[in-house]
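Next come the chains, spelled out residue by residue.
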Amino acid sequence: MARKITIEPVTRVEGHGKVTIHLDDQGRVAQARFHVVEFRGFERFVQGRPYWEIPVLVQRLCGICPVSHHLAGAKAMDVIVGVGPGKLTPTAEKMRRLMHYGQMLQSHALHFFHLASPDLLFGFDADPKVRNIIGVAKTHKDIAVKGVLLRKFGQEIIKATAGKKIHGTGAIPGGINKSLTPEERDYFLKSPAPFNVDTMIEWAQEAVQLFKKIHRENREVIDNFAHFPSNHLSLVRKDGALDFYHGVLRAVDAEGRKILNDVDYQDYLEYIGEEVRTYSYMKFPYLKKLGKEKGWYRVGPIARLNTCDFIPSPRAQKEFEEYKAYTGGKPNNMTLHSHWARLIEMLHAAEVIKDLLNDPDILGDKLVKKGRKKHEGVGLIEAPRGTLFHHYRINEDDQVTMANLIVSTTNNNQAYNEAVRLVAETFIAGKPEITEGLLNRVEVAIRAYDPCLSCATHALGQMPLEVELYNAEGQLIDRKRK
Amino acid sequence: MEDALLFSEFQKVIVVDALKKGSAPFVFKKIRPQKKFTFTTHALPAEAVAYLTKSLYGRNPEVYLLAIRGYEFEVGEGLTPAARQNLEQALAFFKETIS
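In order, the protein sequences belong to chains A and B.
For the first sequence, our numbering gives the first residue as 112, with consecutive numbering after it.
For the second sequence, our numbering gives the first residue as 24, with consecutive numbering after it.
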């Protein structure tokens with residue numbers, strides 16, 4: 112008898128999602144789907160608002176990475192006020208970069224130390240009472256303390272550049288509204304250890320070493336877990352360097368062949384399509400060149416390190432070379448290696464923050480520029496979880512008439528489905544039942560991509576998962592809660 | 024999580040928040056470190072933060088919760104007259120307590 116298993120996280124936390132696994136008569140996985148109910152009302156309710164409100168409005172999309180939405184919206188508005196890419200003042204460009212790299216540092220630290228490290232340190236099947244950040248705090252206190260301070264450092268950078276840690280107002284169309292004072296700069300550069308940028312670089316480097324140690328000890332599990340080929344997409348700097356703030360769009364296939372060759376993202380609609388499927392509210396973006404079936408792609412840390420040619424900071428570049436050597440220079444398609452990639456990015460963010468703090472332009476007073484107004488603008492940024500698209504049109508009264516947002520989670524939609532399918536095939540085939548092992552691994556697979564959904568599925572001491580088993584007639588025959 | 028670090032820097036901490044259900048005008052109580060966790064790190068109870076303060080930083084500040092009763096929590100709404108009255112009483116109590 113064919114059965115359907117539903118894994119449904121409770122709906123009280125953000126990033127609502129559920130997993131359904133359809134079994135055939137032999138108990139094999141016939142289909143696995145990951146559903147996300149993302150609130151997309153923003154695209155509608157920003158319509159009619161004056162364009163200059165956008166950078167502040169859209170960051171309410173997310174409490175984890177509001178800075179990314181703030182800056183993507185601001186970049187789109189830069190185009191609208193005629194101060195597009197490359198035209199900001201050096202102070203404005205560098206202050207925004209500082210804000211964004213602070214965001215990358217804090218978000219990556221949050222994801223790895225608070226959400227992912229319990230799985231890696233204790234194992235996927237460890238008791239949920241231990242497999243959480245409190246467990247890490249008890250048994251690996253040093254790691255937990257460093258995680259807290261790395262995140263705090265990034266948050267303080269955001270506060271200094273955006274005015275607040277969450278939902279700041281630093282970026283405005285055509286520039287920024289503040290620069291750093293020498294005192295603010297020195298707070299990050301010269302505070303007694305550990306709260307200074309040099310210590311953060313050291314700790315970020317240690318975090319990369321920690322992952323490599325865990326990898327050496329669990330190579331087979333980490334390499335084989337949800338390992339699947341895919342295309343990869345991200346921004347890269349014009350010379351091919353990793354760049355989180357600005358660049359051209361590049362996509363490569365699972366073998367590293369370029370699919371999108373460094374195109375201008377203002378023209379993204381020529382290259383990216385969005386498919387609607389009946390079972391999910393979330394769209395499925397794809398590369399038009401390859402079509403709906405073959406054109407899906409991954410974004411985020413693992414994609415960025417697959418698309419870029421090098422990392423423009425010395426310590427991260429050295430780690431990048433080792434990372435790339437592991438796959439013989441080919442793209443890395445191992446889902447759990449996204450943690451490795453994320454930590455290399457965190458190290459890079461810390462290095463760039465130091466460079467920016469030492470740049471006299473961040474103390475400058477030329478904050479805003481004006482240009483010739485346009486009625487349409489696209490802003491792209493590499494958010495912690497991946498490429499983030501913001502596209503707006505305005506009317507003659509300066510009101511927004513159209514908004515299209517493709518967020519990182521949406522870009523990774525098919526990747527979630529693939530990861531869940533592989534986990535299900537491995538842990539359910541021949542055993543038509545809901546097991547702890549299956550639930551744990553579905554959670555781990557989702558968490559590798561998205562910390563917001565991690566929050567939805569990663570309980571502290573208790574798994575917020577509900578599993579329901581249906582027969583072919585749709586009758587509920589079993590239910591398990593964790 | 025970072026609040027544990029903040030807690031560790033003080034001998035006495037008062038956490039102020041809105042109260043959806045419970046006594047008006049406010050509740051003031053001492054809380055103790057507890058492994059009291061909810062679904063997500065987005066909502067860490069003050070008891071858990073106090074627990075982390077102790078386990079991560081070896082500090083055990085006195086932690087109090089000042090929970091002020093509110094009545095309407097919809098987006099864009101201001102304070103109801105009753106909630107404003109509760110807030111004023113809580114503020115007066117707070118000032119008296121810290122002085």
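These aren't lab readings, by the way, just hints derived from the structure by calculation.
Note that beta-carbon positions come from the ideal geometry of N, C-alpha and C, so glycine has one too.
Where hints are given, some of them may not hold.
Residues on chain A that point at chain B, a partial pick, calculated with CB under 8 Å [to be verified]:
#1 225
#2 244
#3 263
#4 348
Where chain A lies over chain B, by a calculated footprint (3+ residues, C-beta under 8 Å) [unchecked claim]:
#5 51-57
#6 70-78
Taking lysine-lysine and the DSS-like style, the derived pairs with C-alpha atoms no more than 27 Å apart in a straight line are [said to hold, decoys possible]:
#7 A:252 / B:58
#8 A:249 / B:77
#9 B:58 / A:249
#10 B:44 / A:252
#11 B:44 / A:263
#12 A:198 / A:480
#13 A:275 / B:118
#14 B:35 / A:275
#15 A:240 / B:53
#16 A:394 / B:53
#17 A:276 / B:43
#18 A:276 / B:77
#19 B:118 / B:58
Query - Restraint status (C-alpha distance of residue 44 of chain B to residue 252 of chain A at most 27 Å) - result: violated, 36 Å
Query raised in the report: Quick one, are residue 44 of chain B and residue 263 of chain A close enough, alpha carbons at most 27 Å?
Result: Violated. Residue 44 of chain B to residue 263 of chain A sits at ~32 Å, over the 27 Å cutoff.
Query raised in the report: Is the hinted pair residue 276 of chain A and residue 77 of chain B satisfied, with a Cα-Cα distance of at most 27 Å?
Result: holds, 25 Å
Query - Assertion that chain A covers the region 51-57 of chain B - criterion: three or more residues, beta-carbon distance below 8 Å - result: This one is violated; 0 residues, fewer than the three required, reach chain A with a Cβ under 8 Å.
Query raised in the report: Is the Cα-Cα distance between residue 198 of chain A and residue 480 of chain A 27 Å or less?
Result: Given that 27 Å is the threshold and the Cα spacing comes to 8 Å, the pair holds.
Query raised in the report: Under the criterion of a CB-CB separation shorter than 8 Å, is residue 348 of chain A in contact with chain B as hinted?
Result: violated, 32 Å
Query raised in the report: Given the hint that residue 276 of chain A pairs with residue 43 of chain B, does the C-alpha gap stay at or below 27 Å?
Result: holds, 26 Å
Report task. Given the hint that residue 249 of chain A pairs with residue 77 of chain B, test it: the Cα-Cα distance must not exceed 27 Å. Result -> Measuring from Cα to Cα gives roughly 10 Å; hence the hint holds.
Query raised in the report: Is it true that the CA of residue 275 of chain A sits at most 27 Å from the CA of residue 118 of chain B?
Result: Since the Cα atoms of residue 275 of chain A and residue 118 of chain B sit roughly 26 Å apart, the hinted pair holds (cutoff 27 Å).
Query - Straight-line alpha-carbon gap residue 35 of chain B to residue 275 of chain A, limit 27 Å - result: Holds. Residue 35 of chain B to residue 275 of chain A sits at ~25 Å (cutoff 27 Å).
Report task. Classify the hint on residue 263 of chain A as holds or violated, based on whether any CB of chain B lies nearer than 8 Å to its CB. Result -> holds, 5 Å
Query raised in the report: Does the alpha-carbon distance linking residue 118 of chain B and residue 58 of chain B stay inside the 27 Å limit?
Result: violated, 31 Å
Taken one by one, the earlier hints fail for this structure at numbers 4, 5, 10, 11, 16 and 19, listed in ascending order.
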